[in-house]
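Given chain W's structure and the hints, the job is docking chain X onto it.
Read off the chains here:
Protein chains: 2
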Amino acid sequence: MGLNVGVVGATGAVGRNMLSILNERNVNIKSLRCFASERTAGHLLEWKGKEITVELLTEEVMKESFDYLLFSAGGSVSEKYAAIAAEAGNTVIDNSSTWRMKEGIPLVVPEVNPHVLKNYKGIIANPNCSTIQMVVALAPLQQKYGIKRIVVSTYQAVSGSGHKAIVELGNQLNDPDSIPKVYPKRIAGNCLPHIDVFNENGYTKEELKMVYETQKILEDDTIEVNATTVRVPVFYSHSESVTVTFHRKPDLNEARELLIQAPGVVVMDDPANLEYPTPLMAAGKDDTFVGRLRSDLFDPFTLSMWVVSDNLRKGAATNAVQILEKIEEQKL
Amino acid sequence: MGLNVGVVGATGAVGRNMLSILNERNVNIKSLRCFASERTAGHLLEWKGKEITVELLTEEVMKESFDYLLFSAGGSVSEKYAAIAAEAGNTVIDNSSTWRMKEGIPLVVPEVNPHVLKNYKGIIANPNCSTIQMVVALAPLQQKYGIKRIVVSTYQAVSGSGHKAIVELGNQLNDPDSIPKVYPKRIAGNCLPHIDVFNENGYTKEELKMVYETQKILEDDTIEVNATTVRVPVFYSHSESVTVTFHRKPDLNEARELLIQAPGVVVMDDPANLEYPTPLMAAGKDDTFVGRLRSDLFDPFTLSMWVVSDNLRKGAATNAVQILEKIEEQKL
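Each protein sequence line maps, in turn, to chains W and X.
For what it's worth, the numbering used here labels the leading residue of the first sequence as 278, then goes sequentially.
For what it's worth, the numbering used here labels the leading residue of the second sequence as 278, then goes sequentially.
Bound-form chain W, shown alone (with noise of 0.2 Å):
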């Protein structure tokens, strides 16, 4: 007994990911097959201690039977195979932004809103790894006290743009005149406020994600959200400076209360000891660090935060995995 799981897009930074976290999490998997586009089909991956050879990605294969298809392989290739794959019925939970903000597709991030998994067949969409990060931390506060506003500026790391990014600003660090060609400009040394595509309103699709996919998962679309997204030279985790201000008067201590016990969050703040979250220490664990929580000094309704995780696994493949895992605690 087990599960039949393919992994499309797993030669990918998230790919791979994906992979490593099956096997940590120990997910009961009886075939693990795996998918890519022509560039990578042929190669061989290692898992479990066994050799998978990578299977070109076609339609005819998505249309055969599997319990779940993890999907991170961009958003033109889901919009297409995805589609293929739940037609023929299969469960497919995709990382990319394309079925996100459909009506009637799922976007979930297990901790959150696991409900609206139950008794649904078909795409469910991963949210954006700035977004999980974000509502991970803000939801045990929301069910609380109500968000009214975010006001929110990221720090991501450079792993959000894939392995190849990881390789520019590697050697760009070694190399001061290396050309840049997975960003407009040099990421070392540098801050890029620009991440994703700029719409005509100003703002980035990247922060138009952490606006609408906020709304979506909270349940709440009257939540106003400002993102400003920033590009640093970090390899691994996304960190964020958060203030939201509450419909409801928060108490500071009942709030760090709420987030020490809130699933998937783990409170770092004790400053005068040095701690508090740092993407360094986030790298490679699948939980959301919380710190530096305090009141606003002049607005009694607010609270500001730093959160941070690693944005490959909790803000990607650890949420992926996270709602495969909900969906099979649900069915029993």
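The hints are simulated quantities; they were obtained by calculation from the structure and are not laboratory data.
Hints are supplied without guarantee of correctness; some may be wrong.
Identical copies carry no separate label here, and so any pair may be met within one copy or between two of them.
Listed next, the in silico DSS-like pairs over lysine-lysine satisfying Cα-Cα at most 25 Å (straight line) [claimed, not checked]: (1) 526 with 441; (2) 425 with 526; (3) 340 with 395; (4) 608 with 307; (5) 562 with 462; (6) 482 with 462; (7) 441 with 462; (8) 357 with 608; (9) 458 with 307; (10) 425 with 458; (11) 395 with 325; (12) 425 with 398; (13) 395 with 379.
Below, chain X without anything else, positioned relative to chain W:
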């Protein structure tokens, strides 16, 4: 004819920039003397092709007559020696935080509040680097719309911690095992939400500087400031994500025009053509660069922007020299 100028702390990162900038801006100097502690007294500094021997800082020498003493030697040195120099009738422009919030001490950004320099003799405080660039960008909007509230997250360069921090980041980039000394944790590939010491209310001193210095410079202690200050692995120039709410509804195009006209501000805001400020492009320049100017998606009273400036120059040395220039200009 010309000015007798002394630079105290001349061998530090800001002190060296003061020497360069006095030269670049062609300040009319008759005599330039450099002072430092025992650690570097006796060293030679080059200025305008001549060598200057760094003199030991003593009480006696501070009682001599100078037109201007530019201090960048840390808080405790400034507390003692700037007081002696001012008592002796000298005009001191001090870069430490010691005098900034003292009543009767002007805290000056020449583009913003030059009028407080008129007929003043004694100690003048140079604001904190992260405050200077923010108020340069906000002052023209404050005049037109009145600022109610600012939420700011910073991306601060290591040069703000002096020359030894520049060396530390360089060492860490070359050696993954290099032990942090200047910072409590590794800064290479990391972000530290910790600049200066923590206060009991959960804010750092750096964050509180941005609150109270902003109110003092903009001469409005009703302005609410919520600041999160973060060190990033960048060598030069601080970046700031600033979201500002006004009393009167701003017009985006008018606000952009006000910034284009504002002294010391360069608007770089054409994201479609990848034009936005970055710390790498701002390094070595004297202006404050503003981009990503946009309206809040929900609150018509709120604008967001991205503000970048060289923290050693406009954030410290340039601003100090501009204070000197402004006093000279007002004498004419």
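request  = Hint by hint, work out which the structure violates, then give me just those numbers in ascending order.
outcome  = 1, 8, 9, 10, 11, 12
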